[in-house]
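J.: Note that this note's numbering has the sequence shown beginning at 18, numbered continuously upward.
Worth double-checking, as some hints may not be accurate.
Taking lysine-lysine and the DSS-like style, the derived pairs with C-alpha atoms no more than 30 Å apart in a straight line are [as the list claims (entries may be wrong)]:
1. K24 <-> K49
2. K31 <-> K49
3. K41 <-> K24
4. K31 <-> K53
5. K31 <-> K41
6. K26 <-> K49
7. K41 <-> K53
8. K41 <-> K26
What the hints contain is simulated information worked out from the structure, not anything from laboratory work.
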Amino acid sequence: MTIEREKIKLIIIKTLMNGATYRKDLHLECCKQLGKSLNRSLKPSRI
18 MTIEREKIKL
28 IIIKTLMNGA
38 TYRKDLHLEC
48 CKQLGKSLNR
58 SLKPSRI
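Make a model of the complete structure from these sequences and hints.
T.: Structure, rendered in structure tokens:
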């Protein structure tokens, strides 16, 4: 378990080290997914 946690920590650190471009892409992807789910939940109320 501890080894797995260390691996996860390393992966997170690496992704953070990749910088703003990576985070921006991730953020955009999150926004897209949120938008899709929001659209799905809002469609019935509009009709």
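J.: Against this structure, judge whether each hint is valid.
T.: Results of checking the hints against the structure:
Proposed proximity of K24 and K49 is supported: the alpha carbons are some 28 Å apart, at most 30 Å. Restraint check for K31 and K49: the C-alpha separation of about 24 Å stays at or below 30 Å, so the hint holds. Our distance criterion of 30 Å between C-alpha atoms is met by K41 and K24, whose separation comes to about 23 Å. Taken as a hint, the K31 and K53 pair is honoured in the structure, with Cα atoms around 29 Å apart against an allowance of 30 Å.
For a cut-off of 30 Å, the pair hint linking K31 to K41 stands: about 15 Å separates their Cα positions. Taking the CA atoms of K26 and K49, the gap is about 26 Å. The hint holds against a cut of 30 Å. At most 30 Å may separate the alpha-carbon atoms for a hinted pair to count; K41 and K53 meet this at roughly 18 Å. Proposed proximity of K41 and K26 is supported: the alpha carbons are some 20 Å apart, at most 30 Å.
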